[in-house]
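Asker: Here are the chains, one letter per residue:
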Amino acid sequence: MDDAVTDASEKSLLERAVQGDVEAFSELVRMHYPAIRVYLGAHVHDQGALDDLAQDVFLRAFRGLPTLRHAVAFRGWLIGIARNRALEHLRELVRRDAIGRDRFQEMLAEAQVAFLEAENQDDDGRIGIELAALKQCLGSLPSASARLVEEHYLKGRSIVSLAAESRRSAGSVRMALLRLREALRDCIRRRNASESGS
Amino acid sequence: MTDISSTRLADLWTRQLAGEDLTGDERGVLADAFAADEVFRRRVLHDHHLEGALRAEASLQRQQDRQLAAMQQLLRAASRSDRFIARLRPRLESAAYARQSGAERAERHRAWTRRTFFASAAVAAGLVIALVSMRPAGPPASRETLARRSAPARVAQAPAGAPATTASQVAGIAARGQSRGPLDSPLVVNDVRRAVLVTGADDTHDAQTTLDQGTGDDRLRTQLEQLGFEVAVLSADEPLLEEARRAQVVVLSPSVATRNLSEELVTMAVPIVALESSAFSWLGLTGPAWTRDLGHTPAQLTDVVIEDSTQPLAAGLSGQVPVFSRRQRLRWGVPGPHAIQVATYPGAPAQHSLLFAYERGALTPGGSPAAGRRVAMFLGNGRIIRRLAVPGWRLFDAAVTWAAEDTR
Chain A
1 MDDAVTDASE KSLLERAVQG DVEAFSELVR MHYPAIRVYL GAHVHDQGAL DDLAQDVFLR
61 AFRGLPTLRH AVAFRGWLIG IARNRALEHL RELVRRDAIG RDRFQEMLAE AQVAFLEAEN
121 QDDDGRIGIE LAALKQCLGS LPSASARLVE EHYLKGRSIV SLAAESRRSA GSVRMALLRL
181 REALRDCIRR RNASESGS
Chain B
1 MTDISSTRLA DLWTRQLAGE DLTGDERGVL ADAFAADEVF RRRVLHDHHL EGALRAEASL
61 QRQQDRQLAA MQQLLRAASR SDRFIARLRP RLESAAYARQ SGAERAERHR AWTRRTFFAS
121 AAVAAGLVIA LVSMRPAGPP ASRETLARRS APARVAQAPA GAPATTASQV AGIAARGQSR
181 GPLDSPLVVN DVRRAVLVTG ADDTHDAQTT LDQGTGDDRL RTQLEQLGFE VAVLSADEPL
241 LEEARRAQVV VLSPSVATRN LSEELVTMAV PIVALESSAF SWLGLTGPAW TRDLGHTPAQ
301 LTDVVIEDST QPLAAGLSGQ VPVFSRRQRL RWGVPGPHAI QVATYPGAPA QHSLLFAYER
361 GALTPGGSPA AGRRVAMFLG NGRIIRRLAV PGWRLFDAAV TWAAEDTR
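Quick note, the sequences are listed as chains A and B, same order. Note that the first sequence covers residues 1 to 198 in my numbering. Note that the second sequence covers residues 1 to 408 in my numbering.
Any given hint could be a false lead.
[Said to hold, decoys possible] The calculated label-pair distances, taken between Cβ atoms and stated as ranges, are:
| # | chain 1 | residue 1 | chain 2 | residue 2 | range |
| --- | --- | --- | --- | --- | --- |
| 1 | A | ALA132 | B | ASP65 | 19 to 27 Å |
| 2 | A | ARG30 | B | ASP11 | 40 to 48 Å |
| 3 | A | ASP46 | B | ASP37 | 41 to 49 Å |
[Claimed, not checked] Heads up, incomplete: computed chain B residues facing chain A, CB under 7 Å, no partners named:
| # | residue |
| --- | --- |
| 4 | VAL29 |
| 5 | PHE34 |
| 6 | HIS46 |
| 7 | HIS49 |
| 8 | GLY52 |
| 9 | LEU54 |
| 10 | ALA58 |
| 11 | MET71 |
| 12 | GLN72 |
| 13 | GLN73 |
| 14 | LEU74 |
| 15 | ALA78 |
| 16 | SER79 |
| 17 | VAL321 |
| 18 | GLN328 |
| 19 | VAL390 |
To be clear, the hints were calculated from the coordinates, so they are not data collected in a lab. From the three backbone atoms N, C-alpha and C, an ideal C-beta is built for every residue, glycine too.
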């Protein structure tokens with residue numbers, strides 16, 4: 001879906017939602033929940049917090065509908081709310097959990113905040129990892145990598161278990177996952193570059 | 001350039017990501033590389049994001065139906081509760097007024113009982129004195145006592161004014177009960193601290209801001225809420241003095257045009273945090289002359305220099321601190337000799353300050369003692385606020401917290 005333009009059916013749903021039609025807004029949630037969840041998940045790794053944040057984003061959107069400007073694409077608006085909500089969460093973590101964390105974790109948390117703040121200031125519409133791009137790139141993985149993704153992420157199998165099954169060291173499975181993620185990252189970049197060039 | 005797929009760092013990072021315990025030395029190696037190597041830092045961050053996105057995608061595949069069902073339930077509940085609150089609000093307001101009237105009636109009854117008791121006692125005492133001294137009873141002292149005893153009743157009987165018109169007033173009435181403090185006393189309802197954020201449309205840097213970026217004012221409001229304040233966002237052309245009196249702190253956003261503000265705010269005892277240079281001079285925290293009392297930093301900068309790290313306003317920071325994610329041109333002010341100077345910019349003349357404050361009662365360059373704590377901070381427009389990094393927000397938090405701790 002072109003993010004710059006809200007399509008006709010979405011526009012109709014939006015108009016109904018602005019009038020207070022909860023069912024219309026629920027349909028919009030159904031359309032956009034996966035993308036928002038993945039966007040938030042990239043920045044917030046705590047799955048419990050992630051559920052709350054995703055719900056919070058749509059609640060804020062629901063209550064903020066009257067302020068939505070027509071020129072702003074709905075998904076971009078949602079991503080903006082999600083970004084601000086993730087930032088609030090991460091800033092709170094930086095502030096609240098500063099004591100007791102090691103230096104690396106502290107720096108990583110601050111770097112995440114800085115990353116999102118920079119994303120907020122960018123005018124190029126960059127909105128992190130997009131679900132559509134991720135799915136397309138997952139589909140293009142070699143079969144061994146695709147299976148690793150399925151076993152580890154979807155089925156939740158541990159690295160130790162995968163290593164034992166394949167008679168490899170845990171380190172080599174971790175490295176395989178790292179290479180796989182790097183391949184996905186490059187694929188997403190290429191896809192984004194070709195989209196912005198077209 | 002560090003390649004995390006071919007070094008020991010990759011092993012450390014992937015173990016960290018997998019939740020394995022690293023030794024102190026290993027964590028130190030990781031931290032040093034992260035601090036020193038921009039490429040490594042970026043790659044770790046991207047890998048971290050991708051790991052999170054993959055987990056979120058997997059969670060969606062497993063539980064999307066359940067998550068969506070929960071979301072829809074929540075939305076319906078929110079819609080119902082919004083409608084319920086909208087219907088309930090007028091009833092709450094009138095109930096609060098009735099409760100206040102009921103409390104007044106009860107107080108009047110108690111006062112009547114007291115008056116009756118003391119009057120009876122006075123009559124009895126008079127009779128005893130008359131009997132003993134055989135002189136007519138002269139009870140002026142008793143009348144004074146009566147007057148004193150009935151004084152609280154008169155206060156309670158005084159008309160309370162119009163019924164409460166907002167939820168906050170409802171809460172305020174309930175919390176205050178029948179005792180009213182001085183008008184300038186801050187109102188704390190169940191430990192809720194109140195902040196007033198005064199905004200306007202005077203920030204051209206926010207004019208092009210899209211909703212997803214959020215304006216500087218959005219950021220300020222969020223930050224105040226995260227500090228635990230209940231935030232009232234008011235524009236300068238709204239009547240805000242009453243809200244300000246009841247707040248622990250007033251924050252003047254850079255978007256506000258001070259010419260639209262009531263001069264009465266300057267002399268109010270409420271602590272004020274001013275974020276833009278015109279507000280500095282309007283409050284009398286600096287003189288008014290551009291380039292003499294106020295001016296631009298000679299260059300864009302990302303860092304400020306903490307002048308006194310022992311000050312609570314320094315937020316525990318010291319030395320040269322990066323407060324922005326991108327370079328900004330800021331405005332300095334020349335505070336008076338009684339100011340607390342907190343931060344300046346690298347290479348600044350001694351009198352230039354980016355962050356300074358006045359204690360209540362400290363003489364300001366405007367010629368008057370500060371009516372309450374006053375802080376001047378270098379957040380002169382929405383773009384500057386949007387580019388504030390974590391240490392910058394710490395300074396903002398410290399400024400607001402210090403100001404709000406002012407005791408009136």
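Asker: For each hint, tell me whether it holds in the structure or not.
Answerer: Verification of the supplied hints:
1. A:ALA132 with B:ASP65: 19 to 27 Å: Since A:ALA132 and B:ASP65 have Cβ atoms about 20 Å apart, the given range 19 to 27 Å holds.
2. A:ARG30 with B:ASP11: 40 to 48 Å: Holds - the Cβ-Cβ distance for A:ARG30 and B:ASP11, about 42 Å, lies within 40 to 48 Å.
3. A:ASP46 with B:ASP37: 41 to 49 Å: About 27 Å separates the Cβ atoms of A:ASP46 and B:ASP37, which means 41 to 49 Å is violated.
4. VAL29: This interface hint is violated because 9 Å lies over the 7 Å limit.
5. PHE34: holds (5 Å)
6. HIS46: Since chain A brings a Cβ to about 6 Å from B:HIS46, closer than 7 Å, the hint holds.
7. HIS49: Holds, because the Cβ-Cβ distance from B:HIS49 to chain A comes to roughly 4 Å (cut-off 7 Å).
8. GLY52: holds (5 Å)
9. LEU54: With Cβ-Cβ at 5 Å, under 7 Å, it holds.
10. ALA58: holds (4 Å)
11. MET71: holds (6 Å)
12. GLN72: For B:GLN72, the interface hint holds, since the closest Cβ of chain A sits about 5 Å away, which is under 7 Å.
13. GLN73: violated (10 Å)
14. LEU74: holds (6 Å)
15. ALA78: Nearest chain A Cβ about 6 Å off; hint holds.
16. SER79: Holds: closest Cβ of chain A sits about 5 Å from B:SER79, inside 7 Å.
17. VAL321: violated (13 Å)
18. GLN328: violated (11 Å)
19. VAL390: Holds, because the Cβ-Cβ distance from B:VAL390 to chain A comes to roughly 5 Å (cut-off 7 Å).
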